[in-house]
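2 protein chains.
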Amino acid sequence: MEFDLIERIRRHTDVHRDDVVTGIGDDAAVVAVPAGRELAIAVDTLVEGIHFPVGTSPADIGWKALAVNLSDLASMAATPAWALLALTLPSPDEAFIDGLARGFAELATPFRLALIGGDTTRGPLTVTVTVHGFTTPGQALLRSGARVGDAVMVTGTLGDAAAGLRCLAEADAAPYAGLIDRLNRPTPRVAAGQALRGIATACIDVSDGLIADLGHICKQSKVGAEIDPALLPFSSAMLTHFHDADAIEFALAGGDDYELCFTVPFEKANDVAADLARVGCGATRIGRIVEGGAVRVIDASGATRTPARAGWNHFA
Amino acid sequence: MEFDLIERIRRHTDVHRDDVVTGIGDDAAVVAVPAGRELAIAVDTLVEGIHFPVGTSPADIGWKALAVNLSDLASMAATPAWALLALTLPSPDEAFIDGLARGFAELATPFRLALIGGDTTRGPLTVTVTVHGFTTPGQALLRSGARVGDAVMVTGTLGDAAAGLRCLAEADAAPYAGLIDRLNRPTPRVAAGQALRGIATACIDVSDGLIADLGHICKQSKVGAEIDPALLPFSSAMLTHFHDADAIEFALAGGDDYELCFTVPFEKANDVAADLARVGCGATRIGRIVEGGAVRVIDASGATRTPARAGWNHFA
Numbered sequence: 001m002e003f004d005l006i007e008r009i010r011r012h013t014d015v016h017r018d019d020v021v022t023g024i025g026d027d028a029a030v031v032a033v034p035a036g037r038e039l040a041i042a043v044d045t046l047v048e049g050i051h052f053p054v055g056t057s058p059a060d061i062g063w064k065a066l067a068v069n070l071s072d073l074a075s076m077a078a079t080p081a082w083a084l085l086a087l088t089l090p091s092p093d094e095a096f097i098d099g100l101a102r103g104f105a106e107l108a109t110p111f112r113l114a115l116i117g118g119d120t121t122r123g124p125l126t127v128t129v130t131v132h133g134f135t136t137p138g139q140a141l142l143r144s145g146a147r148v149g150d151a152v153m154v155t156g157t158l159g160d161a162a163a164g165l166r167c168l169a170e171a172d173a174a175p176y177a178g179l180i181d182r183l184n185r186p187t188p189r190v191a192a193g194q195a196l197r198g199i200a201t202a203c204i205d206v207s208d209g210l211i212a213d214l215g216h217i218c219k220q221s222k223v224g225a226e227i228d229p230a231l232l233p234f235s236s237a238m239l240t241h242f243h244d245a246d247a248i249e250f251a252l253a254g255g256d257d258y259e260l261c262f263t264v265p266f267e268k269a270n271d272v273a274a275d276l277a278r279v280g281c282g283a284t285r286i287g288r289i290v291e292g293g294a295v296r297v298i299d300a301s302g303a304t305r306t307p308a309r310a311g312w313n314h315f316a
Numbered sequence: 001m002e003f004d005l006i007e008r009i010r011r012h013t014d015v016h017r018d019d020v021v022t023g024i025g026d027d028a029a030v031v032a033v034p035a036g037r038e039l040a041i042a043v044d045t046l047v048e049g050i051h052f053p054v055g056t057s058p059a060d061i062g063w064k065a066l067a068v069n070l071s072d073l074a075s076m077a078a079t080p081a082w083a084l085l086a087l088t089l090p091s092p093d094e095a096f097i098d099g100l101a102r103g104f105a106e107l108a109t110p111f112r113l114a115l116i117g118g119d120t121t122r123g124p125l126t127v128t129v130t131v132h133g134f135t136t137p138g139q140a141l142l143r144s145g146a147r148v149g150d151a152v153m154v155t156g157t158l159g160d161a162a163a164g165l166r167c168l169a170e171a172d173a174a175p176y177a178g179l180i181d182r183l184n185r186p187t188p189r190v191a192a193g194q195a196l197r198g199i200a201t202a203c204i205d206v207s208d209g210l211i212a213d214l215g216h217i218c219k220q221s222k223v224g225a226e227i228d229p230a231l232l233p234f235s236s237a238m239l240t241h242f243h244d245a246d247a248i249e250f251a252l253a254g255g256d257d258y259e260l261c262f263t264v265p266f267e268k269a270n271d272v273a274a275d276l277a278r279v280g281c282g283a284t285r286i287g288r289i290v291e292g293g294a295v296r297v298i299d300a301s302g303a304t305r306t307p308a309r310a311g312w313n314h315f316a
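Sequence lines, in order, name chains A and B. Residues in the first sequence are numbered consecutively from 1, following this note's numbering. Residues in the second sequence are numbered consecutively from 1, following this note's numbering.
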């Protein structure tokens, strides 16, 4: 109920939307959903020491807390509208709060996302964001529509965030700034998700690692998938600093990439790659949907590769 | 993204709603707001050791985490619809999670509130609930409409939760079970809020203490308020176990009551009290709105009383 802090954060974004009837300062926000639209809602929590290392800058925490949620909207093909921020802090450190607000605002403002409410409480550093976006009825991208024969594709490049996390431990991290930036400032693929409306048969964002997240598509679509490790897209920073075997491991199991993994009818893969290049992230075909229920990684020799870990699980 | 735990919790409630297009299990929930309704949204976090004592039963934590949020919807005159639950836990203790789910479900089910999403993460015990309810355009109860001359009223009885918290320290807490139950299982005044639509000029729920919360109405309505301590409504449990001076202190500054404090045109106070008796909680006139900006407590002799503390502030 300490709205002063939430209002202080909101002023950094200062996005005005006509669909916000009552914003921060009452017991609840009141908003109006446009006629003919449905609402996509997601919530994700970041805990210090679990989702971001101790010592992460407040601005990076603010950016990432929103980014991981916008990534959920992106993977549904939703258009971001409103967020609420529940912030648990050891102390009301104004410099920390303003830093967090700056990072949050840098990402929120270009999406015209309004901060409409929240809560601040005392306790271990934890940031929970709830986001709301608009979808067109019947056009939300689900996990459940992949079909045998579909191409499996991903936006952007994979593994950078996990590589960045590894590089944080280096005495001189400067050469790895690009990778570390991908860890701290992931880019939610909102425009890509919207471009996939009516085209992708299934979609998910890569938060826990490719194997784990593609596994969710397989489970809910009742299919299997085969990935060719030679097709995985890597950044030039990754290829500069890491051997292929490490890069593949980061991509398959690392998590925190916030790229979209999606399936399309095989014959559309090239057109989709071109469409997504136009929205700035590109897309790469990395495999195909098959019968079965598992995600298998099969290299050119036909050998099946098993990653050292399947993906991120908080309670593993 | 560990939906298994959230889905496990949802099964305890198992409320089916036609307006939930996509529930737990995808990157976001998708819901449809009925035509002609607006959406009230609130979020509140409970932190162990701050909002509930260490040792509180999981079922009480589950109940209270939802109750404090439904109370926010109640004070807006909104009809509860959907919730998301972000749960941070030291370990995936199944007995704890099922206990929490039972408490959450006991409160959610009668309101037909559907659990549509959430997140589970590892870390210090923290429960964040985001709730959504429907309002009629122009009929949400705000904090900003109180007018000089209005009666100040509250539902139910005040101070019980703070008295209950005091009693937890007793060697034999059994005689105080009723008060402790008010601390652990607050009743959100949803029906009362709806009955006040079009009648109350301002409304807030008493979470931080009467003085602090009525102070929010005064600030946003640009008015003052005078409270007569002799009019404060107390439970029989309170009157049995505590002297008047303690009871008044609990009521004014204790917080955690989750009663509604609201203002109505003075001549409507009796009718409103009768209306709210019909929805089961009753209401009592405790003072009036005056010019100025402060909340003053004035006893029969005309003396102004200052409570020992103004209310709950996490960072005080």
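Hints were generated in silico from the structure; no laboratory data involved. Be careful, since some hints might not be right.
Below, simulated EDC-like cross-link-like pairs (lysine to aspartate or glutamate); rule was C-alpha separation at most 16 Å, straight line [said to hold, decoys possible]: (1) Lys219/A / Glu48/B; (2) Lys219/B / Asp4/A; (3) Lys222/A / Asp172/A.
Only part of the chain B face toward chain A is listed, based on derived beta-carbon distances under 7 Å [stated by the list, open to error]: (4) His16; (5) Val20; (6) Ala29; (7) Ser75; (8) Met76; (9) Ala86; (10) Pro90; (11) Leu165; (12) Leu168.
Just the calculated beta-carbon pair ranges, DEER-fashion [claimed, not checked]: (13) Asp19/B / Glu7/A: 28 to 38 Å; (14) Ala35/A / Ser301/B: 42 to 52 Å; (15) Leu168/A / Leu168/B: 25 to 35 Å; (16) Asn270/A / Glu94/B: 33 to 43 Å; (17) Glu170/B / Asp181/A: 32 to 42 Å.
For clarity, every value in this text was computed on a predicted model and none was experimentally measured. Where is the CB? At the ideal position from N, CA and C, for every residue including glycine.
Quick rundown of the hints versus the structure:
no.	hint	in the structure
1	Lys219/A / Glu48/B	violated, 35 Å
2	Lys219/B / Asp4/A	holds, 13 Å
3	Lys222/A / Asp172/A	violated, 46 Å
4	His16	violated, 18 Å
5	Val20	violated, 10 Å
6	Ala29	holds, 5 Å
7	Ser75	holds, 4 Å
8	Met76	holds, 5 Å
9	Ala86	holds, 5 Å
10	Pro90	violated, 10 Å
11	Leu165	violated, 17 Å
12	Leu168	violated, 20 Å
13	Asp19/B / Glu7/A: 28 to 38 Å	holds, 31 Å
14	Ala35/A / Ser301/B: 42 to 52 Å	violated, 59 Å
15	Leu168/A / Leu168/B: 25 to 35 Å	violated, 44 Å
16	Asn270/A / Glu94/B: 33 to 43 Å	violated, 48 Å
17	Glu170/B / Asp181/A: 32 to 42 Å	violated, 55 Å
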